[in-house]
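Asker: One letter stands for each residue in the lines below.
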Amino acid sequence: MTEMTAPAPAAPPSSPPAGSPPAKGRSLWIDAWRRLTANRAAVISAVYLVVMAVACLVGPLLTGHDYTTIYTDYVRVAPSLTPYPKPDALASTLDDLTRRMRLDLAGWREENGRVIVDLRSARPIDPRVTRYFDRSSSFEDSRVEQTGADGLSMTVSAAVARHYFLFGTDNTGRDLLTRTLIAGRVSLAIGLLAGLTAVVIGVIYGATAGYLGGRIDDVMMRIVDILYSLPFIFLVIMLVVFFGRNFVLMFIAVGAVQWLDMARIVRGQALSIRRQEYVQAALALGVSSRGILWRHVVPNTLGPVVVYMTLLVPQVILLESFLSYLGLGVQEPLTSWGVLIAQGAKNIPAATWLLIFPSIFLTSTLFALNFLGDGLRDALDPKDR
Amino acid sequence: MADEMPSDLDIDAAAGDAPLLELTGLDVRFDTPDGEIHAVRGIDLALNPGETLAVVGESGSGKSQTMMAAMGLLARNGRVAGSVRYRGREILGLPSRALDEIRGARIAMIFQEPMTSLDPLYTIGSQLAEPLARHKRLGARAARERAVELLALVGIPDPERRLRAYPHELSGGQRQRVMIAMALAAEPDVLIADEPTTALDVTVQAQIIELLRSLQRRFRMGIVFITHDLGLARHFADRVAVMRYGQVVEEGPASQVLSRPAHDYTRMLLASEPSGTKAPPPEDAPVVLEAQGLDVTFHIGGGWLAGPPLEIHAVDRVSLTLKRGQTIGIVGESGSGKSTLGRALIRLIDGKGDIRLFGRPVGELDAAGLRALRRQVQIVFQDPYGSLSPRMTVGEIVSEGLRVHEPELDARSRERQVIAALEDVTLDPALRNRYPHEFSGGQRQRIAIARALILKPRVLVLDEPTSALDRSVQKGIVELLRRLQREHGLSYLFISHDLSVVRALSDWIMVMRRGQLVEAGPTEDVYEAPAAAYTRELIAAAYGLSDREQAGRR
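Quick note, the sequences are listed as chains S and W, same order. Residue numbers are given in full-length UniProt numbering: position 3 of the first sequence equals residue 3, and the series is strictly consecutive. Residue numbers are given in full-length UniProt numbering: position 3 of the second sequence equals residue 3, and the series is strictly consecutive.
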């Protein structure tokens with residue numbers, strides 16, 4: 001302080017009176033947390049989202065399948081709780097297999113999870129035929145038990161490989177559960193990214209433009225207008241032309257576009273908040289522009305921001321599948337929920353599970369996001385008790 | 001008006017001596033998430049033809065809800081019981097189609113807020129013609145002619161041209177006149193006026209009251225006049241009903257109730273009219289704040305493409321000297337530049353001219369110097385609802401100044417100072433963890449004062465700090481301000497359009513009009529013997545009639 005401070009009028013520093021409770025401050029964030037945790041729907045949604053995220057991260061390691069593995073024997077098999085191959089399908093699998101070996105199937109039996117197969121042929125049998133067993137996704141660990149004296153017969157045993165396909169398999173015979181979880185990584189990542197960029201850039205940019213106003217606002221919002229006026233598809237195609245197909249480009253493209261709406265919404269809010277008397281009061285207290293933005297403007301824009309964010313995330317997840325369709329997004333064998341749903345929709349009459357499971361994952365996640373968003377908005381509004 | 005509604009005849013035939021409007025045992029409850037609110041508790045009121053009944057009470061007394069319920073205009077969560085009779089006919093619980101024949105046609109309403117009661121998207125003409133077409137079944141041409149007549153009737157100049165105007169092109173007083181014209185369109189028997197002049201300047205208020213009075217004589221209307229202003233009720237009403245907590249505590253002829261009140265509450269209301277005066281500070285008191293030839297110009301519109309901006313001279317060469325312990329009252333109507341002057345003095349708005357605080361010029365201060373200035377000069381705003389950030393607790397709001405000016409303080413000592421400041425304005429410090437919306441208007445204004453005082457400023461600019469408050473609450477704030485001035489040696493700049501509060505608080509007064517100083521001098525001198533014609537007009541409008549009656553009583 002400068003010398004302008006004349007001796008302050010006497011106001012003895014009084015101590016807290018006996019009756020008042022211990023000094024314990026409350027703030028918007030602490031209160032919001034309390035209110036959020038009291039909202040059962042929001043808590044359940046948050047827990048669900050965490051479980052979903054963990055499942056998508058860890059799950060693919062536990063399903064026993066790699067998302068790229070192709071099971072040629074199990075193209076488009078239905079979801080099942082019992083393992084493949086089914087007992088009644090074993091005979092036809094062996095028939096197919098021996099036909100491919102150009103041998104005759106004399107007989108087979110199953111013992112202790114192994115099949116013992118008697119093979120015949122008009123020509124001598126090469127012991128390397130066991131490779132056919134190993135290549136098949138139904139069998140593993142094959143060995144020649146016995147070879148006929150004339151070389152025209154052979155007994156081969158092989159362990160039956162048991163595979164669980166809880167969600168069935170897709171058109172190329174890949175496990176749908178693993179692929180759905182892998183897809184969740186991409187979709188959740190892009191949703192999270194879009195939400196974060198929109199909130200961080202959009203809120204800071206919009207609040208700054210709206211609060212400072214005048215010429216700065218003009219310039220800042222004209223920049224937004226220019227970015228708006230770039231056709232999105234054109235932007236995407238340009239990116240592909242210059243940088244080739246690249247997964248990261250999708251994040252850039254989505255990030256570059258999604259914060260614009262948020263910036264406009266927040267700017268509109270900030271414009272009206274700027275004229276509120278509590279902002280003037282803060283100015284009169286000598287609070288810096290940054291302090292006003294952070295303590296007064298931003299918290300009071302949060303309601304619409306949270307609501308818009310819950311609308312934004314589903315929009316972005318669908319936008320991603322559209323980008324993937326154009327060739328900018330994820331490419332096979334990697335996948336996302338949007339891509340899986342698009343593929344599932346093509347297979348509706350034959351294989352409904354290809355649509356049903358990814359859709360359940362996507363919609364339940366969006367539901368949880370919406371409930372959480374509602375809960376957040378209510379929690380951030382102190383008037384709502 | 002040949003095609004009157006057939007029901008009119010039946011109603012008039014049944015009329016006789018019966019009251020126009022009769023409420024019996026009216027009871028209103030609201031279901032809210034926090035439980036049931038019993039807003040009106042069994043009210044009996046009657047309105048006779050040609051009579052003015054004033055319903056007075058403070059905010060929350062249920063006076064507005066009573067009339068809304070009678071008109072079937074309650075919010076969705078409201079429930080109403082009892083009886084409302086218009087000329088003997090029960091109208092409570094009528095289906096809305098039947099109710100519409102009475103509501104708007106026989107019973108009309110005007111509301112407090114002329115800014116929001118008119119639809120901004122339609123011209124005055126089309127909004128006026130609508131009830132005419134509906135209730136009087138007039139064709140477009142006839143409705144237009146009638147609309148011109150009505151506008152002339154309520155004293156709007158050049159009514160032909162005004163028909164094409166949009167609401168935002170009219171002043172507040174003119175808008176209220178349009179509202180009255182709309183209410184009169186169907187020639188009602190009963191006019192319910194809910195605080196029709198509260199949002200208006202005193203001189204305009206006097207004109208509107210005069211207009212209502214002459215219209216009433218002409219059409220023999222019954223008027224229900226809802227107000228919190230006892231002076232207005234005394235001046236305008238035949239009978240007065242005083243409401244509190246949803247009940248009528250006292251009812252009777254206006255002269256009797258307001259001069260010989262029977263009920264304690266009425267007495268309390270009457271006593272809460274601001275009173276007392278302020279002695280000027282000693283001659284040798286040091287000058288705290290000084291301004292010479294202060295000038296503020298606003299530029300409206302303009303821009304890169306819009307051409308040169310419009311210049312508005314909000315404050316025009318105003319000078320003042322504020323001494324330690326002095327209170328300068330700045331009065332004027334809305335748009336007179338008094339708020340702008342207050343803000344320019346503390347450099348919330350940039351103006352030209354020489355401003356000195358303790359003899360140091362503050363005009364060219366940089367950011368750091370400005371922050372030091374902020375510590376010395378604080379401001380309290382009019383709107384206790386808008387001046388507190390809704391997402392901060394009271395503790396955070398009050399301590400914000402400390403965070404800026406004494407960032408080295410730890411949380412504990414900050415907390416201690418907050419508690420002291422809240423106690424200083426007689427608020428329970430235990431409430432500091434609550435949010436502003438949990439407080440009443442008067443409490444919020446105390447919070448705003450605590451926020452200003454925690455920095456121990458020397459000058460407090462009070463921009464209409466009591467205008468949004470009830471009289472009894474206002475009295476508390478006035479007394480609080482007096483005490484704080486005594487204890488802390490504060491100097492006040494008290495900006496208000498309410499002349500009685502200014503008179504009670506200030507020892508020097510400045511009258512402003514259109515940005516210019518009209519008159520300045522010691523408060524009592526100006527009030528007793530105003531030199532400028534405008535001041536006389538202002539004082540006559542604010543005091544004239546009620547004072548004359550008061551004088552008669554003494």
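Hints are computed from structural coordinates only; laboratory data are not their basis. Beta carbons: idealized from backbone N, C-alpha and C, even for Gly. There could be a bad hint or two in this list.
Pulled a few chain S residues facing chain W out of the computed Cβ check, cut under 10 Å [as the list claims (entries may be wrong)]: (1) 28; (2) 39; (3) 277; (4) 279; (5) 281; (6) 287; (7) 291; (8) 299; (9) 378; (10) 380.
Every beta carbon over 10 Å from chain W, so not counted as near; a handful from chain S, in silico [to be verified]: (11) 47; (12) 72; (13) 153; (14) 212; (15) 383.
Asker: Are there hints from earlier that the structure breaks, and if so, what are their numbers?
Answerer: Per hint list: 2, 9 and 15 violated.
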